[in-house]
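If you read the protein sequences in the order shown, they are chains E and W.
Count the first sequence with my numbering and you get residues 1 to 475, in order.
Count the second sequence with my numbering and you get residues 1001 to 1100, in order.
Hints in this document: simulated from the structure, not taken from any laboratory.
C-beta: ideal position from N, C-alpha, C; glycine also.
Honestly, I wouldn't trust all of these hints.
Restricting the straight-line Cα-Cα distance to at most 25 Å, the calculated cross-link-like pairs of lysine-lysine (DSS-like) are [said to hold, decoys possible]:
#	chain 1	residue 1	chain 2	residue 2
1	E	Lys148	E	Lys197
2	E	Lys361	W	Lys1099
3	E	Lys429	E	Lys361
4	W	Lys1099	W	Lys1087
5	E	Lys148	W	Lys1087
6	E	Lys463	E	Lys361
Some but not every residue of chain W turned toward chain E, in silico, with C-beta under 10 Å [what the hints assert, rightly or not]:
#	residue
7	Met1001
8	Val1002
9	Ser1034
10	Ser1048
11	Val1065
12	Glu1072
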Amino acid sequence: MPIAMPNLIPVMPELVMTGVAIILLMAELVIKRKETLGFLSLISVGLISYLLLGSAGTTFGGMFVSDGYSTFFKLIFMANLVLTVLISPKYLQTMRINFGEYYALTLFATLGMMLMASAADIIVLYLGLELMALSTYVLAGFIRYDMKSNEAAIKYLLLGAFASAILLYGTSLIYGLTGTTNLRDIAVYITHNGLAKNPLLMVSMIFFAVAFSFKIAAVPFHMWAPDAYEGAPTPITAFMSVGPKAAGFAVLGRVFLVAFGSVKTDWSVILIPIAVLTMAIGNILALSQTNIKRMLAYSSIAHAGYMLLGIIAGTPAGISSVLNYMFIYAFMNIGAFAIVIMLRTEGFAGEDISDYEGLGKTHPTAAALMLVFMFSLTGIPPMAGFMGKFYLFMSAINAGYTWIVIVAVLFSAISAYFYLRIVMLMYMKEPKEVIQLNTSPGIGLALAVTVSAVILIGILPAKVLALAQQAVTSF
Amino acid sequence: MVPLHWYLTLSAAVFMIGMFGFLTRRNIIIMFMSVELMLNAVNISLVSFSHYLQDMRGHILVFFVITVAAAEAAIGLAIIISLFRNKQTAHVDEMNEMKG
Chain E
1 MPIAMPNLIP VMPELVMTGV AIILLMAELV IKRKETLGFL SLISVGLISY
51 LLLGSAGTTF GGMFVSDGYS TFFKLIFMAN LVLTVLISPK YLQTMRINFG
101 EYYALTLFAT LGMMLMASAA DIIVLYLGLE LMALSTYVLA GFIRYDMKSN
151 EAAIKYLLLG AFASAILLYG TSLIYGLTGT TNLRDIAVYI THNGLAKNPL
201 LMVSMIFFAV AFSFKIAAVP FHMWAPDAYE GAPTPITAFM SVGPKAAGFA
251 VLGRVFLVAF GSVKTDWSVI LIPIAVLTMA IGNILALSQT NIKRMLAYSS
301 IAHAGYMLLG IIAGTPAGIS SVLNYMFIYA FMNIGAFAIV IMLRTEGFAG
351 EDISDYEGLG KTHPTAAALM LVFMFSLTGI PPMAGFMGKF YLFMSAINAG
401 YTWIVIVAVL FSAISAYFYL RIVMLMYMKE PKEVIQLNTS PGIGLALAVT
451 VSAVILIGIL PAKVLALAQQ AVTSF
Chain W
1001 MVPLHWYLTL SAAVFMIGMF GFLTRRNIII MFMSVELMLN AVNISLVSFS
1051 HYLQDMRGHI LVFFVITVAA AEAAIGLAII ISLFRNKQTA HVDEMNEMKG
């Protein structure tokens, strides 16, 4: 039987990513200065982004699709990877965990996310999800001598494995019902055979919703997130809070809006309580935190709740506002984590919220940057976070979910307390002790990029939004 | 021939046993074994659907699931070993460095 060569153009960015990751793993043996590996991965990101722009198409018998939606998400993953690599080297040296596998694993995790964004078939989706998850488990436990890091990794792994088992059970049910694993074929089968009222379809949608809620850390499946985020190395916390969450939203959007698009009224009944609970628990529990990484973990849970509104709206405007918000969120969240990393020096954790007291007097630049990120996370104009939330809430109102938006705005007001508390501590308290900042050119560059992105998108939001709207037209 | 719903009942039962074990047991290794049980329950139902539908996709997915489960076990046991070096326990209730 002759085997036809599949069209490799759509999958080219992933192939290059695989190649680079394997080369980095080999090069690790001979290269002594591990920062070189980080630099190599930055160059490869440039090449991959270039390939991404010309990669539109479907390949491997319709299992893999590269469209505007996947390309937008992949650009978010690229930004996430670049910023993570920039903020990492100094931290790795400080923690004495400067191993080359770190960079290869971040590349493999990003490759998994890219496969998830492009998956048009549940088999590809599952493989991408596992590739991302397995690499991230290892990265979370990267500080081998630290009990907290080990604990973060094991909790993340146990609950992640549990979630993927649930995802698989949902997959097997949907495969049994429809006889296919292709998302479009599933949609066609559901409409043609009138499966809409089938209880097994509902059960399988619940399984999918649960599994994806684990990945985006939505309540009540968020228990791993605070521990994993607190224990993991801080650059990896930044990486985990953006990448896997964005990938989770990419598959959530594709599965629920493409495969289950015709039974939207059924699944929005599942997602609405999850969204409301996520906003409530995330914001309320963040109030009582004393560790900044843990506080940012609860804040990232709350942001997942806001973004779920766009999926629930289900309109093109809703999806494009999720994309837009995810893009903005990547910059503001990694920026905030970059400041947290700067406070970490040898023998000083700098993770306590009280460590920020008087930062405005001792280190005015760092404090000003933190102020921008905190304002943006709260959603105060003119920062980008405000525009992101504005479009998200508008799309939900236009889709007829006014009461959820009212709830979201109320919880968003609560969130101002814990974000602005940091600002208050920085500017209105006297410094307790002199804090040395652990800066490096990489962190400086990452902060420059994130802060300019947050302010520029805040002032000129139309550009990114137009890109996001264009991305969902092919959806 | 054994009817399809027997396999599905078996699969659902094994899945439930695995899920129950995961939620009630407190030893990491046993929790890990429970997850493997859940994955194998999925494999049973995928293979039986695949045979019933006369379609290869289910078989292919089962091979991937087995491979991924092996990788997951390798990583999981590695993490458990590095955890055990720092604290001589495999009990999840004693992993309480972080709270809140």
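- Query: What are the numbers of the hints that this structure violates, sorted from low to high?
  - Reply: 1, 2, 6, 7, 8
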